[in-house]
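Peer 1: The residues making up each chain are set out below.
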Amino acid sequence: MSFRLVLNPIKCVAHGMCAELFPERITLDDWGYPIIDPKPIPKSLEDHARRAVSVCPTLALVLEQEARAKA
Amino acid sequence: MSTGTSNTGTATLPAAGAHPTARLLPPAAKRSLAEHLEWFGDLPAAGPALLGEVERSGLRGKGGARFPTATKLAAVAARRRAVLVANGTEGEPASVKDVVLMSHVPHLVLDGAVLAAEIVGAREVILCLKRGSPVQPILERALAERRGYGYDAIEFRIVGAPNRYVSGEETALVHWLNGGDAKPMFVPPRPFEKGVDGRPTLVQNVETLGDLALIGRFGAAWYRSAGTPQDPGTTLVTLSGAVSKPGVYEIPLGSGLGDVLRMAGAECADLAGVLVGGYFGAWMAPAAAEKVRLGVDELRRTGGGLGAGIIVAMPRRGTCALAEVSRATRWLADQNAGQCGACVNGLDAIAGAMETLVAGDRSGQAESLLKRWLSMMEGRGACKHPDGVARFVASSLRVFQEEITRHRHAGPCRETGAPVLPTPKTGGWR
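These protein sequence lines map, in sequence, to chains X and L.
Take this note's numbering: the final residue in the first sequence is number 71, and no numbers are missing along the way.
Take this note's numbering: the final residue in the second sequence is number 430, and no numbers are missing along the way.
If we strip away everything but chain L, and leave its shape as in the complex, we get (with noise of 0.2 angstroms):
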């Protein structure tokens, strides 16, 4: 995939506001220590200002939750002894931002880790990546490279951490870090009271991390030069499927998402729907698809989210949108870590039932069983992950009810075409 960010033409950071923004990811790569400090200047110290900066920045976390990340450093701040866990794990097969970030500006992400560090009082920086990801030698040069230069006081580690869907999640991954399968476990404790070794534990997205670099060097004032008052700064998107030019784009929070769809060559009237947020975020119909603005807000409100930052566009021809969710419902049921009842059995049978539903559910009974389930999943799992599949699998019956009904007349469709919803293969859970 290419990357897709608008150049400025100057050296220095571009004035926030453009659209689209390059802050994140600057027109070409960073790699070394000094590229980057030539784009970006120096790293200031954190400083006891940092946290009210981060506070009135607004920024909000990149892995999925987009959580207030102030609130998160305060909690962990506010204790002793604390480690930073630095999530690279990027578990949604539809994105890639995180990986196109850490290999276009290694040090940004490591800068923003010092930083956190350095806010939360950790000592120890530990920074997790996707078992065997391409970016770990690049962020391993770039280590050495500060090492050489004596440039951070903060001990680093680099670890590959299991690729399930679920493994990324903040509970699984520290337990995994103890020692323990990659799996969800049920909080409290919550990482920020008892992670890493027992330890207070800040978990936290690189792409948040890098942000925190930039409001570390330019301040929250200029961080909210970009987006919206209710969502300020910039997000990477990764957008997929039915566009002409896929790829990672940083765009500012609050835009419309019929812009960024037709900034990467598509028109919503020409597709089935759109996917925004991943496999726990909701499918939208072209219509709503074209109004709707990319805020944590008002995303919320249309019952999806943001999430990561994924965006898939469905085509109207060629494939068939019902057997794609089917097959990615499917992949999701044997994602689960099979420990809550609820997201084992409802999964497998939801995933059953969408089966049905692109074979031809003539009784129509395959339909309202599905929908007595997804109103089953609720808060039923030690981590979200029914709830997500949940949402995933409802907006889509929302959204492809045409395909639905015709299913039910005239069975599968004969050509499914090329996939548009990724299901890698994964392993196992250490």
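With the rest of the complex left out, here is chain X (with noise of 0.2 angstroms):
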């Protein structure tokens, strides 16, 4: 079971701690707002992205479990 990062960019207003926080997979554009690496979390790095996650203000970003065999 391995998780990913989704982003609902409506949500999104670029407070952009989320990339300070989880700076592996969370860079950020020309306007502060942040670029998501799509790729699958490392159990190692989990614990980085569930903090990126949790100081988000606005909930815009979440950690989602991927899809097991998904073809």
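One should not assume that every hint holds.
Using 16 angstroms as the maximum straight-line C-alpha spacing, the simulated EDC-like pairs for lysine to aspartate or glutamate come out as follows [unchecked claim]:
no., chain 1, residue 1, chain 2, residue 2
1, L, Lys371, X, Asp30
2, L, Lys245, L, Asp259
3, L, Lys371, X, Glu46
With the C-beta cut set under 7 angstroms, the calculated list includes, among others, these residues of chain L facing chain X [unchecked claim]:
no., residue
4, Gln339
5, Cys340
6, Met376
Since the hints were made in silico from the structure, they are not lab data.
Note that the structure is a prediction, hence the values are computed from the model and not measured.
All C-beta atoms in this analysis are idealised placements derived from N, C-alpha and C, irrespective of residue type, glycine included.
Taking the hints as your guide, dock the two standalone chains into a single complex.
Peer 2: See below:
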């Protein structure tokens, strides 16, 4: 079971805290909005991902379980 | 605009495979139910076999995404209390194929809506048009005629939707039908899960419904007898720009773009470039356009798409292609729904950089920024508007590179010529 980050771009208003807490998967564009790397997150980075999700003031970022056996 | 279709000279449906074909668009309009039935024949009931027939036909949606229709139908059919939304909003400014189809064969579209509703178990059809559409009275007359004969067991409602560029996107349309702004929504949930009034909703383009009405009558094998094995059937295309016979044509899928342009009176060699797929499609250089086939996968491999079947020929002389693309890019940027940061900021910046290219990007800085921003747009919005605009602009940089260089040294063209890319006035979101 692995997770990946999903952003709701309508909710996001570019606080940018997520990128600070999880630069391994989140960078900011030239206007401060996050660019999410959709790659699955290894166990070793899961805590960082959870922290990034938890600080989002607009709840725009979620950790989604990878659908298993998706062709 | 005129419609260009061939007359096979018989009252029955023409043999498939002829080029050009006349399946969806008969040689003359069939507006009354009597004319319609005389040309197309009676509409058989949907029956349990129709979904399989649609799957075998290989029909893909004609609204722009070219998604397999049977898959979409099956997803809604598996759920209860479904609603059907027939999408005739046609938000692409360079497209008129849906309006032409609905005005020529209104009953064919309504037949298809009835079949689709039967397949998914919907009792209600909402037919969405652009607000103030000239086809609304035609469709209302057609519906009144059908009611007079007690023809349908389905309840129809016609509504005029906002005419913003992204308002016809299915989540935007559903949100508006539910009382909100006609702006795209984050998915999931997709309309097939939770749509109009929270019910499973099938949103289907009106041309796709016309195809369903043909498949319901003549079957999958007949449908596949036009086009190619990979791209079966026909599609409507709207040709405009530097063509002597602009208008809506019905062509077999997989037709050569060079042949299609010649049909409308243009030679690829005389053009600066060809836009295929509208404002979320891609520009092609004349030599590439001459060779490409209008197939869904083939166009995707070139980095473009067939979209809603829009083909715009950019003339080599008399019009500044770069100024045209820039003007359309600014219009597209202004069409953003104000929801997603990358779209609101990115498209405005991209449009600004395009304006600098037109004025003459002496340092080359605007072009390198433009390339950086274009690479940041993929998958950044709730809908695919930023992706589509990025594809449109990035392809223009490849095709019109010579013009960019010329502008860098000589500045903007003194005469920009008549506009080739339409940028209509649009209203509000409700």
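Peer 1: Can you name, in rising order, the numbers of the hints this structure does not satisfy?
Peer 2: 3
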